[in-house]
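From first to last, the protein sequence lines stand for chains A and B.
Take the first sequence: its position 26, counting from 1, is numbered 26 in this note's numbering, and each next residue is one higher.
Take the second sequence: its position 170, counting from 1, is numbered 170 in this note's numbering, and each next residue is one higher.
Everything hinted at is true.
Straight-line distance between alpha carbons at most 27 Å, and here's what the computed DSSO-like set of lysine-lysine pairs gives:
#: 1; chain 1: A; residue 1: Lys40; chain 2: B; residue 2: Lys197
#: 2; chain 1: A; residue 1: Lys33; chain 2: B; residue 2: Lys205
#: 3; chain 1: B; residue 1: Lys190; chain 2: B; residue 2: Lys343
#: 4; chain 1: B; residue 1: Lys343; chain 2: B; residue 2: Lys305
#: 5; chain 1: A; residue 1: Lys33; chain 2: B; residue 2: Lys314
#: 6; chain 1: B; residue 1: Lys197; chain 2: A; residue 2: Lys34
#: 7; chain 1: A; residue 1: Lys33; chain 2: B; residue 2: Lys197
Hints in this document: simulated from the structure, not taken from any laboratory.
On a predicted model such as this, the values are computed, not experimentally measured, just so you know.
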Amino acid sequence: MDNWTFGVTMLMVGMGGTLLTLGIMSVIIALLKKIFPYKKEEEEGSSPS
Amino acid sequence: MLEAFVNGFSGLIAGFLHLQAANVIMIMVGGALLYLGIKKDFEPLLLVPIGFGCILVNIPLADLMEPHGFLRTIYDAGIMTELFPLLIFIGIGAMTDFSPVLENPLTFLLGAAGQFGIFLTLALALALGFSKLDAVSIGIIGACDGPTAIYVTSQYAPHLLGAVSVAAYSYMSLVPIIQPPIMRFLTTEKERTVVMKTSRKSVSKTTRLLFPLIITVVGGLIAPKGLPLLGTIMLGNLMLESGAVERLTKASANEIANVVTLLLGISIGATMDGKVFLQTQTLIILGLGFIAICLDTACGVLLGKVLYLTSNGKVNPLIGAAGISAFPMSARVVMKEGQKYNKKNYLLMHAMGANAAGQIGSVIAAAVMLSVLKGMGII
Chain A
1 MDNWTFGVTM
11 LMVGMGGTLL
21 TLGIMSVIIA
31 LLKKIFPYKK
41 EEEEGSSPS
Chain B
1 MLEAFVNGFS
11 GLIAGFLHLQ
21 AANVIMIMVG
31 GALLYLGIKK
41 DFEPLLLVPI
51 GFGCILVNIP
61 LADLMEPHGF
71 LRTIYDAGIM
81 TELFPLLIFI
91 GIGAMTDFSP
101 VLENPLTFLL
111 GAAGQFGIFL
121 TLALALALGF
131 SKLDAVSIGI
141 IGACDGPTAI
151 YVTSQYAPHL
161 LGAVSVAAYS
171 YMSLVPIIQP
181 PIMRFLTTEK
191 ERTVVMKTSR
201 KSVSKTTRLL
211 FPLIITVVGG
221 LIAPKGLPLL
231 GTIMLGNLML
241 ESGAVERLTK
251 ASANEIANVV
261 TLLLGISIGA
271 TMDGKVFLQT
281 QTLIILGLGF
291 IAICLDTACG
301 VLLGKVLYLT
311 SNGKVNPLIG
321 AAGISAFPMS
331 ARVVMKEGQK
341 YNKKNYLLMH
351 AMGANAAGQI
361 GSVIAAAVML
371 SVLKGMGII
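Next comes chain A alone, as it looks inside the complex (with noise of 0.2 Å):
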């Protein structure tokens, strides 16, 4: 593979997929947010009494 395509290959993919991997993760957690919402009585739990 020549030094151009191999160039041209890395800056497209590496840098599209690292984006998109990150988007990724971003939807992920915005979900997980979603699906297990913080509680109040989580702090409450774990302050000392």
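Please build the complex by placing chain B on the supplied structure of chain A, with the hints as guidance.
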């Protein structure tokens, strides 16, 4: 008798006789690294052992990097096996609170943009005539993350390890000097004064526990070649968030990380032999490393500007500059820069989100890069 005396004496001056100009220059470079670490407080935990290792390896006839030399033994055991950077990653995971990014998952995107310098610099290195794997190792300086740079370079371009590591750690410590001019150049005063709301949305314990597991599985499936990097940082984070293995978490974040940092630093210093290090190529690599971090910052700020436009001016584009792995230094730089234009502007929490995302982003970018290389049959 006289001959024995002369021979014995020659043994004492042999070191001086074998000292070459390259060794002298590198001993001075080692001294400069020690000066930066000790006097200027630039990443002292790394620059001190690196600087000292550099001095050690440039003293002739000690053979410290020859087979069975003590530096060679440490280097082979920890760098060539990739063990040191991975152990450091467990420590990083165990000491990093990813809450800011979990509170605002959109900042993951800033962590992605902050890695674009890796790929742009890789292309630049190729254009300058470096081989494919050398270009990959040079580009990885843009991850702004020492262990990631060492992990990739030790595998694919070990002859560049000294230059790449020194560039990665030096520029990381120079983030407060490198980033602000780029941030000012790419933003208007109006954008820099945007005050972002600080509504702290807490994250449930379940989400915090599932985060490292899901990131490991999803990230590992997308980019399996980078799983050692991703898996170790997430193992550290799982231990931290679970609270179930406090002793292991503390050991990973303190004792293990400290010992490995020392051994890692001295091993990197040991690669800085004058004969190998003092080449035009090293200067080019240092230059490309600088460009990589500038490009990371620029891409982060530019994505910040996109978010500014799409959010009707609710996002301050400066936080994009924190989408790199220099944690939490870069977030502090953003905070400081924002306050120069509006003293009541507290961007720290938002910048910390981008910065934590940058830390994950650098690992993901490296993982993606390795998997793409594997897919193309380059490695």
